[in-house]
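Starting from the known structure of chain C, arrange chain P on it as the hints suggest.
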Amino acid sequence: MNAWDWAQLAFIGVATAVLAPLGGKYLAAVFGPGKAPGDRLMEPIERAGYRLLRVDPDNEQRWTSYALSVLAFGLVSVVGLYVILRLQGVLPFNPTRAPGMSPALAFNTAASFITGTDWQAYAGETQASYLAQMAGLVVAQFTAAAVGLAVALAVIRGVAGDRHTVGNFWADLTKSLTRVFLPLSVIGALVLVSQGAVQNLHGFLTAHPVAGGTQQIPAGPIASMEVIKLLGTNGGSFLNAGGAHPFENPSGFTNMFDLLLVIVLPFSIALMFGRLIGRPNQGRVLVVVMAIIFVAHTAVGMQAESHGNHLIAAGVSQQTSTANVGGNMEGKEVRFGPAGSALMTVGTMGTTAGATDSALDSYTPVGGASALVAIILGEISPGGDGGGLYGILMMVILAVFVAGLMVGRTPEFLGKKIGPTQMKLAVLYALTIPFVILTFSGFSLVLAGPSSDALNPGLHGFTEIVYAFASVTNNNGSAFGGLNATGIWYQTTLGVAMLLGRFLPIVLALALAGSLAGARVHARTRATLETAGPTFAAFLLGVIVTVGGLIYFPMLMLGPIGERLIS
Amino acid sequence: MQDLAYLLLLVSVMTLLILFVTFCDHLLGWDTMSEPSPAEHAEHVGGARPHRRQEVPG
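Chains as they are written, first to last, in our numbering: chain C, 1 to 567; chain P, 1 to 58.
Among the hints, erroneous ones may be present.
Stated by the list, open to error - If you want a taste of the chain P side facing chain C, the calculated C-beta under 8 Å gives, among others: (1) Q2; (2) M14; (3) L17; (4) I18; (5) F20; (6) L27; (7) L28.
Claimed, not checked - Listed next, the in silico SDA-like pairs over lysine to any residue satisfying Cα-Cα at most 20 Å (straight line): (8) C:K424 x P:T22; (9) C:K424 x P:H26; (10) C:K417 x C:A403.
It is worth saying that the hints were derived from the structure and are not from the lab. Note that this is a predicted model, so its numbers are computed, not measured. For each residue, glycine too, the CB sits at the ideal point set by N, CA and C.
Bound-form chain C, shown alone (with noise of 0.2 Å):
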């Protein structure tokens, strides 16, 4: 990479490290008692809300019931919106003449959309009503980042609270969407139509090119997807070229204004938890954790794409220079150049937004891997908005636990004694995607026809099948691409993937919560594990890459190691 690719590296490092804090400042006065900002105007909102779901939020639930709360309403949010899906194209506000989705694909985009993970198998401009995508996708963006967010507060009511209960499912969602996600939506909507994202309800516009004919342009309310696409780290993009798109994506500001919008909320969050249970340095500690991986993969992507493929044949150069201003296009956005485009792609990967503007196909092996190996750790680097931190709060309880098994201590987070049980979920946390993950992807590699659906041979084949079930799973919804996920078996398989994948985590996190809630506070003595301090960052660090590594190293090196090692 050159100086200006480092530059723009250190740009999104500085921004972050000014914006995340002031965020999380702002969402502890949000979440914490007392006033906070916004109070006069938005707390007559919530009131009229509550009354209308008929909801008293000083009702506290115990963490079966949040549980229950949550798996209802994504039951009713997946049929609402599957319903919109199949019914567009006789529904009104369709200029675009949309007709209804099938059946797999309406349960497909439905549990995409829900889950946050925004897989999409159609194209935007063409399958999608206006209506479809106002009323059904954008809201569901909206819901799935209040979701994510409200499961994090829950589970740092038990972890660190002294009550029996996690707090209200309903008063947690109403709030995360009327103090966070759409004001800040609202704000981000503008900037990038100040910025040249298109917005309005035109449907297609017909143009006359030079060369003669006429030609569709789509258009529509792309703004106020694409704010709340990053924003709640979803990623479902209003056409289907996504962010290398210019009408999503129109400059190389908007590129890393983007890639903040992505990454700023899930930092805040972090650091937000350190200031609800009083300890800064603790949410420090896990921002530093989740950074340290973030620039780990972002910057090896960025190497990796910058110094070209080696399969392109010699004498092609692929050297940014002065007679080759481009260098490495192969797969890349044209306007952001093989640093830029890696930057965004690879850097996104560790949320759940997974948001694109260049081909992972078209990627070296090392460029695509890193992407992978993002996703695989968890997202957690920094994760989705909620579901970055109690990703990685279910780690720290492992690392607390090998740590004390190491120095002979009783495994001890926050004063509470971690426990056969605690560890038991912690477990179960850790195994649950990947079994998922796993399953799919060998009956789809075993089964003749989903097999033969990957159109490149061999190891890449193999990474484009895995990575899809990778990235449902873990609610990111990129596509590596080069997989025909349209038939029946990909669009119900890894609709199903993306349910477990999203629920069975909150549900164990929200249980391991549970667990804690209420359990007695032990004093701190200097036989107290320290886990807010850079020995224990080192650790659970190491925690994460070797439980990543142990679990997924062999399907590692099936796809892209072995694909970089033999070609």
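What follows is chain P alone, placed relative to chain C:
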């Protein structure tokens, strides 16, 4: 017909997840039951006499 099939699939998956919540709740309950109660713990730590080693004559 396909609509019904996907609705059934969705309901089945969500029912399994609800059962999983119940399973986890029982898991917590079982673990709590397997741990000694505070009274048993106090008796063991504070009241029970230590086991004496049986002396072997000869």
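To see whether the hints hold, each was checked on the structure:
Taking 8 Å as the C-beta contact cut-off toward chain C, the hint placing P:Q2 at the interface holds, the least distance being around 4 Å. Among the interface hints, the one on P:M14 holds; its C-beta lies about 5 Å from the nearest C-beta in chain C, closer than the 8 Å criterion. At its closest, the beta carbon of P:L17 sits 5 Å from a beta carbon of chain C; the interface hint therefore holds under the 8 Å criterion. A hinted interface residue such as P:I18 counts as satisfied when its beta carbon comes closer than 8 Å to some beta carbon of chain C; here the least separation is about 6 Å, so the hint holds.
For P:F20, the shortest C-beta to C-beta distance to chain C is roughly 6 Å, which falls under 8 Å, so the interface hint holds. Using the Cβ-Cβ criterion of 8 Å, the hint placing P:L27 at the interface with chain C is satisfied: the shortest such distance is roughly 7 Å. Evaluation of the P:L28 hint against chain C yields a held restraint, the C-beta minimum of about 5 Å falling below 8 Å. A distance of roughly 15 Å separates the Cα atoms of C:K424 and P:T22; the hinted pair therefore holds under the 20 Å criterion.
Using a Cα cut-off of 20 Å, the hinted pair C:K424 and P:H26 holds, with the two alpha carbons roughly 13 Å apart. Restraint check for C:K417 and C:A403: the C-alpha separation of about 13 Å stays at or below 20 Å, so the hint holds.
The structure fails none of the hints (numbered hints given earlier).
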